[in-house]
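Q: Could you put together the complete structure from these sequences and hints?
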Amino acid sequence: AQTVTQSQPEMSVQEAETVTLSCTYDTSESNYYLFWYKQPPSRQMILVIRQEAYKQQNATENRFSVNFQKAAKSFSLKISDSQLGDTAMYFCAFTGANSKLTFGKGITLSVRP
Amino acid sequence: EPEVTQTPSHQVTQMGQEVILRCVPISNHLYFYWYRQILGQKVEFLVSFYNNEISEKSEIFDDQFSVERPDGSNFTLKIRSTKLEDSAMYFCASRMDSSGANVLTFGAGSRLTVL
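Heads up: the protein sequence lines correspond to chains V and E, in order.
Read in order, the letters of the first sequence are residues 118 to 230 in our numbering.
Read in order, the letters of the second sequence are residues 24 to 138 in our numbering.
Because the hints were derived from the structure by calculation, they are not lab data.
You can take every hint at face value.
Below are the DSS-like pairs computed for lysine-lysine, each with C-alpha atoms no more than 27 angstroms apart in a straight line:
no., chain 1, residue 1, chain 2, residue 2
1, V, K222, E, K106
2, E, K101, V, K222
3, V, K190, E, K65
4, V, K187, E, K65
5, V, K172, V, K190
A: This is how it looks when you write it as structure tokens:
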């Protein structure tokens, strides 16, 4: 069975600074995908970024990038130039061959003005 | 951009009542899912649905729950006799195929409050 672990329950960052959110996972599958989802107070689930396990290059989407360490089964999210609108809950998620998403517990990120 | 639409956005019901949550997935998607998020907790998989049948379900998805796609458009989650612990946000999601490369698109959620 796959597991996704987010050990930090909450973090805070000053506006315009950089913050890194941690995630580790465990799986025996060789081909899988990892995601970060953002959940603002509206509680909608919004995809932030996606990483394919067979790709060595770390995914990047504007201010968001990941540090994917396959051997260590680590998948952290870096948010650069943090904005007030980045305040939200962030979930790390995994999908393998069976196509369902397994989520971590989430981390609450607060961006301070 | 195509969206997954969920109704109602919020429903309040009495314990023991039946509830139906509705979802309209993206039109060319073939795989459908329900997830649940109890307030302050993580998002949990309930069930996946493909080709008019359940393809996988979690331990949470017991006999009180059922899903169907009655008209080829709506995808519904029914809870037969609600319990207090069913209070949660319920998310519908869809994807085009089963490949992990194909991203799940989530609806905005239906908040269920059981009194």
